[in-house]
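Colleague: The residues making up each chain are set out below.
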Amino acid sequence: MPGLDRPPRRQRPLMWAAILFTSLVAATLQAGPASAHGSHSGWEQRHLADMHTWTAYHGIEDEEFCVNIIGGATHSYALSRIKSALFNTGTPSWHLMTKSDGSTDVRIDIRPMDNACSSYGERRSQIDYEYWVRPNNSVVPACGSDNVSCVTFDVQTRAASGSHVHYEWGYVHMDADHLGSDTLINHETGHIFGLMDGGPNVSYHGGCPSSLMHLAYYGCSGNAGLTKPTDNDISSVRTVAAR
Amino acid sequence: MSTRLPRLAAYGALAALLAIFVGLFVESRRSEAVPRVDPESDLIVSTRDRLRVCADIRVADQRQVTDRLTAGLRQVRRHPHWELTDFDDRTPALEGGCRATLPQEGVAKGVVVGPGVTARPGPYRTVVVVLGGAEADRLLGGQRAVLVPYELMEIEHGATATVTQAVVVRDTFVGSPEFVKDYLTPAIGLHPEPDPNHKEDHHHETSS
Numbered sequence: 000m001p002g003l004d005r006p007p008r009r010q011r012p013l014m015w016a017a018i019l020f021t022s023l024v025a026a027t028l029q030a031g032p033a034s035a036h037g038s039h040s041g042w043e044q045r046h047l048a049d050m051h052t053w054t055a056y057h058g059i060e061d062e063e064f065c066v067n068i069i070g071g072a073t074h075s076y077a078l079s080r081i082k083s084a085l086f087n088t089g090t091p092s093w094h095l096m097t098k099s100d101g102s103t104d105v106r107i108d109i110r111p112m113d114n115a116c117s118s119y120g121e122r123r124s125q126i127d128y129e130y131w132v133r134p135n136n137s138v139v140p141a142c143g144s145d146n147v148s149c150v151t152f153d154v155q156t157r158a159a160s161g162s163h164v165h166y167e168w169g170y171v172h173m174d175a176d177h178l179g180s181d182t183l184i185n186h187e188t189g190h191i192f193g194l195m196d197g198g199p200n201v202s203y204h205g206g207c208p209s210s211l212m213h214l215a216y217y218g219c220s221g222n223a224g225l226t227k228p229t230d231n232d233i234s235s236v237r238t239v240a241a242r
Numbered sequence: 000m001s002t003r004l005p006r007l008a009a010y011g012a013l014a015a016l017l018a019i020f021v022g023l024f025v026e027s028r029r030s031e032a033v034p035r036v037d038p039e040s041d042l043i044v045s046t047r048d049r050l051r052v053c054a055d056i057r058v059a060d061q062r063q064v065t066d067r068l069t070a071g072l073r074q075v076r077r078h079p080h081w082e083l084t085d086f087d088d089r090t091p092a093l094e095g096g097c098r099a100t101l102p103q104e105g106v107a108k109g110v111v112v113g114p115g116v117t118a119r120p121g122p123y124r125t126v127v128v129v130l131g132g133a134e135a136d137r138l139l140g141g142q143r144a145v146l147v148p149y150e151l152m153e154i155e156h157g158a159t160a161t162v163t164q165a166v167v168v169r170d171t172f173v174g175s176p177e178f179v180k181d182y183l184t185p186a187i188g189l190h191p192e193p194d195p196n197h198k199e200d201h202h203h204e205t206s207s
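In order, the protein sequence lines correspond to chains E and L. Just so you know, numbering that gives the first Met the number 0 puts 112 at position 113 of the first sequence, and the rest follows in order with no gaps. Just so you know, numbering that gives the first Met the number 0 puts 24 at position 25 of the second sequence, and the rest follows in order with no gaps.
No wet-lab data here; the hints were simulated from the structure. A couple of the hints might just be wrong.
Claimed, not checked - List time: in silico SDA-like cross-link candidates among lysine to any residue, alpha-carbon distance up to 25 Å: (1) L:K180 with L:E192; (2) L:K180 with L:V110; (3) E:K82 with E:D113; (4) L:K180 with E:E60; (5) L:K180 with E:Q125; (6) E:K82 with E:D176; (7) E:K82 with E:V105; (8) L:K180 with L:G140; (9) E:K82 with E:S118; (10) L:K180 with L:R57; (11) L:K180 with E:W131; (12) L:K180 with E:W53; (13) L:K180 with E:R122; (14) L:K180 with E:H163; (15) L:K180 with E:A159; (16) L:K180 with E:D61; (17) L:K180 with E:E121; (18) L:K180 with E:I126; (19) L:K180 with E:I59; (20) L:K180 with L:A70; (21) L:K180 with E:T54; (22) L:K180 with E:G58; (23) E:K82 with E:W131; (24) E:K82 with E:D230; (25) L:K180 with E:S124; (26) L:K180 with L:R119; (27) L:K180 with L:C97; (28) L:K180 with E:T52; (29) L:K180 with E:H57; (30) L:K180 with L:L93; (31) E:K82 with E:D61; (32) L:K180 with E:S162; (33) L:K180 with L:R51; (34) L:K180 with E:E167; (35) E:K82 with E:M112; (36) L:K180 with E:S117; (37) L:K180 with E:A158; (38) E:K82 with E:S209; (39) L:K180 with E:G120.
Use the sequences and the hints to build the structure in full.
Modeller: Here it is in C-alpha cells:
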C-alpha cells in the first residue's frame, strides 16, 4: 500500500505548519486592545492646570474652589466640612503640598470661595474646581452609579508652557453622606490633584503603599484609618505639579 | 511528484488561509477600534485622527455667524503652540450636523449639553453653539459665553473627563477678540495666554 511506503517523519512539517497556524489564530484572537494603565509618576495623570503656577497673593493662580449644592446638605454645612477636612486635619496636607516634616510647595494654594458657585457669574470661570453635593441615592451619571463620589475634569488644554495637556476645571461629585468623612473628602480632592485610585480591587493596581488613594475599600487594609494624604501622596502630587 | 503536489497544495492552502485571516483581523481591528481617552493627545480620544469642529447655529443670519467663527478659527490656528499639537496644518472647517441639548433651566459651568458620558464619542473635539435674542437671554442669563461638557468618557476608576468640549455663545459676542482668546481657544484645547518661557524656569519649593 502506498501509505506504508511513506516515511512518517515526512508528514511532520505539514503538521507543524498546521499547529503553528492554529496557535497563531488562537493567540491573535486572544489579543485584546491595550488596557488602561497609569502610574504615580506624574506623566500620565489628569490634573488641574493651575497646579503648575503660583502667586504670593490670592490670585487666579491659586486653587480656588466653591461648593454647589444640588441637595442633601446645606451650603454652610458642606463648606464647613470640606474646609475642615482640607485645613484642620494636620500634616501632611494637600494645602501647600505640606509634608509631615513641614516642607511645603506653594504651587498648590487652596482657596475656598465662601459663596455658592452659581453666585460668581463669569468670575466662576476662574474658579479651578467645585464640590457638587448631591443627596444620597441620587443618580450621578458622571460616577456611573449612585452612593459614590467621583470626579470629572473639564476643558482640556495644552499647558501654557506647551509641554503637556491638562484640565482647566475639575468637579468633585460628593454624595452628601460622604461629607462626614475627612477620608473621602481628602481622597476625592486627591483625584483633582492628579492621583488615581490604587489597590488590588481597581484597574490601576500599584500595590498598597501608604496612600490615601489606596483605600482599604480597594483592598489595602493597611491604609484603613487614614483621614488625610500621606507623604507618599504629597510626593506624587509634587511630581505632577512639576511637569 | 505525485506525493509533492498534495503537500504543496496543503501549504498553499494554509498560506492563503493565513493571509485571509490576517487581512480580516486587521480590518476588524480598524472597524472595532475601542475609543479610549489618550492622556497626552490634543484630540483627547484615541480614535480621532484630526481636529473636527461642529457648529450648532441657532440664529437667522447663519452666514454672518459662520464667517465670524471661521475667522476665529483662523486666529486660533495661528496660536504659537499649534505645531506642538496633534492637529494637522489646516484650519479646521466648521461642520454641521450636531445638535446640543440645552436644559430649560439654563446653561452654566459644568452643565452637560450633549450626550454626556459615553463609550462611543463622536468625531468632533469641539462643538460651538450660537444662540441669539430671547433664547440667549433665557439660557445664558448674564453670560456672554460659557464652556461646558458635551461628551464625557470614563478615564479611570472614579473619574470622567470631557472629551468633546462645547462652547455656548451669544451671536453678538462671536466676533469679539475676547471670545476667540478666552473661549474658542480653550474650547479647541489651547491656552489663552501661552508662556514664551520654558516650564523648567518655574520651581518654587520651600522648607520650614
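Colleague: Which of the listed hints are broken here?
Modeller: 11, 26
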